[in-house]
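Enquirer: From first to last, the protein sequence lines stand for chains S and P.
Mind the numbering: the first sequence is residues 1 to 254 in this note's numbering, read in order.
Mind the numbering: the second sequence is residues 1 to 72 in this note's numbering, read in order.
It is possible that some hints are incorrect.
[Unchecked claim] Partner residues aside, some chain S positions facing chain P, computed with beta carbon under 10 Å: (1) P11; (2) R12; (3) D13; (4) V85; (5) A98; (6) R192.
Calculated from the structure, these hints are not laboratory results.
Glycine included, C-beta positions come from ideal geometry on N, C-alpha and C.
For reference, the chains in residue letters:
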Amino acid sequence: MAARYVYAILPRDAALPTVTGLQSGPLSFVPHRDLCAATSIIDPADVRLTPENAVRHEAVVEALRQSSPALPVRFGTVLPDEPAVIRALSEHYAALLADLTRLTDTVEYGLTVLWEQPTPDGEAEQIPTNEAAAEGDGPGTRYLRARLAAHRHDTGRRERAAEAAQALDAQLRPAALDGRWTIQPTTRLAARAAYLLQPSSIEAFQQAFEGARAACPSLRPILSGPWPPYTFVTVREGSADSNLSGIEGRESRR
Amino acid sequence: MNDSVAESREVTLLDLLDRIVDHGVVLAGDVTISVADVDLIYLGLRLILTSFERAEELGVMPPMLRDRESSP
């Protein structure tokens, strides 16, 4: 039997849109009780993360959401055949149904916060040298001093990023159902966030964003959306941060 | 395309990739995709901009993604 690429989970009575999936495969629904999975037949050996496939995946999800609530599925979800899709729906049935009921037609907005004046490349090399070698220091001591200086620099940057996130969140959260922040600052990027909104709150949220941007002139926040609520589904792998809500740092997956 | 618009489009495609690769429903079964073991956030915005432009050249950008930027 043919492998199935899964795009989204929907109510069983959802309408099938006229859109093709990856590898130009026609869409079909695999039903199970009150749910169905939107799928297309796929060659698993050819499922690669390319811009074309990424955009195609998203285009299918958004086409499905034009006429029905739909839970977006992670890219690259391939199950060996239709019975496997049904087993997956069965295994996660209660959680999927609960998510679909909770998220319905909600949307997600993404916030990327850039530092207004990013430091030039090689920032780490510009750490104040008062931490550097004192007369008489050996090479080991000099190394440790440099490491300490770098650590303090990184800690300071993370603290500034957290402060920026809190300032922005204070203005944005009242207009949203939920918000999730990731604080892993770089020389260019301060923090990122996702906010869950009711469609009726989009205008108020955008106004709050304009106010937040004006109130934080040292930052360059960029808003994107609306997106399907990828960040707010609960049927996910059991990662330690899968249920983070609010402003917390998070270890990157490597 | 000025720097501000280009930067916004970089972020938009970065947002797309981050969402579909790192979020969304995970069902039982194998995710057969093979992705280099790096955090996409740190791939570098310039790389993502190139990919975004390629997606536009191919004419596979859905309208909602193409019109998604909300910053000036």
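Enquirer: Indicate, hint by hint, whether the structure satisfies it.
Expert: Checked hints:
1. About 14 Å separates the beta-carbon of S:P11 from the nearest beta-carbon of chain P, more than 10 Å, and the hint is not met.
2. Interface hint status for S:R12: violated, as the beta-carbon distance to the closest one in chain P is roughly 16 Å, over 10 Å.
3. Residue-level restraint check for S:D13 is violated (minimum Cβ-Cβ distance to chain P is 19 Å; threshold 10 Å).
4. Satisfaction of the interface hint for S:V85 is found here, the shortest Cβ-Cβ separation to chain P being roughly 8 Å, below the 10 Å cut-off.
5. Taken as an interface hint, S:A98 does not check out: its beta carbon lies about 12 Å from the nearest beta carbon of chain P, beyond 10 Å.
6. Taking 10 Å as the C-beta cut-off, the interface hint given for S:R192 holds, the closest approach to chain P being about 7 Å.
The structure fails to meet hints 1, 2, 3, 5 from the earlier list, while all remaining hints are met.
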